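Novice: Quick note, the sequences are listed as chains A and B, same order. The first sequence: position 41 = 41 (the numbering used here), numbered continuously. Just add 381 to wherever you are in the second sequence, counting from 1, and you've got the numbering used here.
Hints are supplied without guarantee of correctness; some may be wrong.
Unchecked claim - Some but not every residue of chain B turned toward chain A, in silico, with C-beta under 8 Å:
{"hint": "1", "residue": "D417"}
{"hint": "2", "residue": "S425"}
{"hint": "3", "residue": "I499"}
{"hint": "4", "residue": "T515"}
{"hint": "5", "residue": "S635"}
{"hint": "6", "residue": "S636"}
{"hint": "7", "residue": "N642"}
{"hint": "8", "residue": "L658"}
{"hint": "9", "residue": "F661"}
{"hint": "10", "residue": "G671"}
{"hint": "11", "residue": "N672"}
{"hint": "12", "residue": "K687"}
Keep in mind the hints are simulated off the structure, nothing from the lab. The structure presented is a predicted model; accordingly, all values stated were derived computationally and were not measured. Where a beta carbon is used, it is the ideal one built from N, C-alpha and C, also for glycine.
Protein chains: 2
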Amino acid sequence: MKIAILGYGIVGSGAYEVLTKHGLDVKRVLDIRPHDELGEVLTSDYNVILNDDEIGVVAEAIGGLEPAHTFVVKALKAKKHVVSSNKHLICEYYEELHALAKENGVTIRFTSSVGGGIPWLYNLKRSIRIDEITKVMGIMNGTTNFILDSMISNGSDFESVLKEAQALGYAEANPSADIDGLDVARKTAISSSIAFNTIIKEENVSVFSMRNVSKADIDYVTKRLGKTVRYMGFGVKNKDSVSVFVEPVLLCMSSLEANVNKNFNLISLFGNSVGRLSYFGQGAGKYPTGNALAQDVCDIVNGDTKLIDDFKAVKIDNGALKRKYYVRTLSCIDSKYVDKKDVIDGVNYVLTKALEVSLMHELAKSIKESDPTSFIAGIEE
Amino acid sequence: MKIAILGYGIVGSGAYEVLTKHGLDVKRVLDIRPHDELGEVLTSDYNVILNDDEIGVVAEAIGGLEPAHTFVVKALKAKKHVVSSNKHLICEYYEELHALAKENGVTIRFTSSVGGGIPWLYNLKRSIRIDEITKVMGIMNGTTNFILDSMISNGSDFESVLKEAQALGYAEANPSADIDGLDVARKTAISSSIAFNTIIKEENVSVFSMRNVSKADIDYVTKRLGKTVRYMGFGVKNKDSVSVFVEPVLLCMSSLEANVNKNFNLISLFGNSVGRLSYFGQGAGKYPTGNALAQDVCDIVNGDTKLIDDFKAVKIDNGALKRKYYVRTLSCIDSKYVDKKDVIDGVNYVLTKALEVSLMHELAKSIKESDPTSFIAGIEE
């Protein structure tokens, strides 16, 4: 079975190198830019790929919704298997693409869309065959982890570390998708969809930004509470619903997450029989992510084209899960929510009672209206 | 395809529960003890399984060499796929069993033989399809990790923690296989065999026991060096050889390994394209290990029966890798090996220059002859 790669950017070129080095036959690469090293393999005409019966698997590494979505739909309709590294596409169109794949007797894989080089989704999908997942959670964004790790290690403030991350290429010129949580929300939606065999969309994920984390937070959390801060996504199974959210989190210094340094990722599942399994690795980068894309292709070439069954309807309810929170604000907080409070230089440092995630995220919004600098973090026990 | 499980002990009964709960058809369980709950499924006659053409996969969870070896050989010759959780069997007979599987057009899987519930070997095998592994390493033994973690957390001494581990069922009445390294040596041999696509036997692994670790070591290492101690196996690719060894190791407090608590395991690979990938989970136990055994069965039932290709000859040379060591002893050490030395209450605490692993393990033996209490640990940079 021959392979086509759509897009010869960072991930596409990484996957191309990994696949060809190991004897897999990449017959075509689609890109509109010139790449002399690709010779005859390069095409800018997608029909050349669609009409080529030798090409059985199309690996999409374009990113974004269009033209990726149109190309992937056409590939599935042409009965070609699809592999994608595109979290935006999968988050938006997973249900449609899965149905199309099923209808056409092919499969769709997207391990590299979450966790970069980490075979997280691949293993999560393997786990659910014979286990009930009760929770998924993880550090899924290298940019925000790099920022938090640097702030904690070097005592730097948010703005200067963000600039450093931008200079190193870890953060975009407009860093909002990372630091305001959209990237993690999509990865959490995809992970929770697989874990609970359902469809969870970006808009189902309740998100609190990590943008307001300050040196004062780091000082209070590390020195007074003996904890650390990470930015994480969560999918949690409740009695008859699922909670899905993204927020800054306080963790014990001896937790694995607290020791995930720089831009690495660590993602965990909790299964009824297997217990906790955690996966650690490079969450981005040409060769790691290219490797993960290439592994999905390799599975298909080896004949593993099984598609999961249909999805179950699952109620999403961020009011069904309670946890304790840390809140730093100049504003007042209703004392009925407060478990413990310090006031330092006129700033309130509050540890709350156990509150519903949805309630706390609503409260956080209203607190931010009166004090735009305020910050909250869930407390992971 | 129907399933037979050999042995209804901890792992076998765990796998039975996991498989049957998820609709997989376990037709027979072989055990010589009575188990009323199994009804007609139980048999004490292996020929009932061998002669049953409906049974396509045999899951061996007996442990030890015999009768496990004889049973597995017969299963392969009867063209039944084999899954095993038996590290002793695999370490001793991997080459023979692989050849037999190939000859009979079936496969052999043994994910649960290393790392309990962690899908480590499964993922390692997936990695090598399109990546070059340069190193595997890990905490692969829960007993020794429990002992070291307790000594560090509670300031307890080795003997009292060992007794606690025995009382909790984490350590055997005769703990030698754990604390003297045989268990980790087998797991390291199997992991290195897969990583480097070769056959590495127990006797190829150079092992230093962790039995002599003392409160004095923990104090010196944590307080003076700011590090911690773990017991680990290593397989490292050198220029034209492989080094395979087991020893106590000093690690930074911020390493993942330093934060693997209680009896958990964490095993890592380093790949040329994927970088570092680490896998964390329960290294033992009825449901975790039963789950891993059941996952291998599930792969086969789903049609994934691919066998790896033949093995490459690889030179094993523990003299080709140099690393620095910590040595605590009453004896003298040749000054040409010493980088730094403290003498506290008449005891030498030495940090060595970078020395060949084989040289250091030889030195350690001779030091132990004059001071049977002495202890060494490799320093993981």
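Novice: Confirm or reject each hint.
Specialist: Here is how each hint holds up against the structure:
With its C-beta approaching chain A no nearer than about 23 Å, D417(B) sits outside the 8 Å limit, and its interface hint is violated. Here the hint on S425(B) is broken, as its CB sits about 27 Å from the closest CB of chain A, past 8 Å. The criterion of a C-beta within 8 Å of any C-beta in chain A is met by I499(B), whose closest approach is roughly 7 Å, and the hint holds. Because the closest C-beta pair between T515(B) and chain A is about 13 Å apart, greater than 8 Å, the hint is violated.
A cut of 8 Å between beta carbons decides the hint on S635(B): the least distance to chain A is about 5 Å, and the hint holds. The restraint placing S636(B) at the interface with chain A holds, with a minimum CB-CB distance near 7 Å, inside the 8 Å limit. For the restraint placing N642(B) at the interface with chain A, the shortest Cβ-Cβ distance is roughly 7 Å, inside the 8 Å limit, so the hint holds. Interface hint status for L658(B): upheld, as the beta-carbon distance to the closest one in chain A is roughly 4 Å, under 8 Å.
Interface restraint check: F661(B) against chain A, minimum CB-CB distance 4 Å, threshold 8 Å, status holds. A distance limit of 8 Å between C-beta atoms decides the matter here; for G671(B) the minimum to chain A is near 7 Å, and the interface restraint holds. Proximity of N672(B) to chain A holds as hinted, the smallest CB-CB distance being about 4 Å (cut-off 8 Å). Because the closest C-beta pair between K687(B) and chain A is about 6 Å apart, less than 8 Å, the hint holds.
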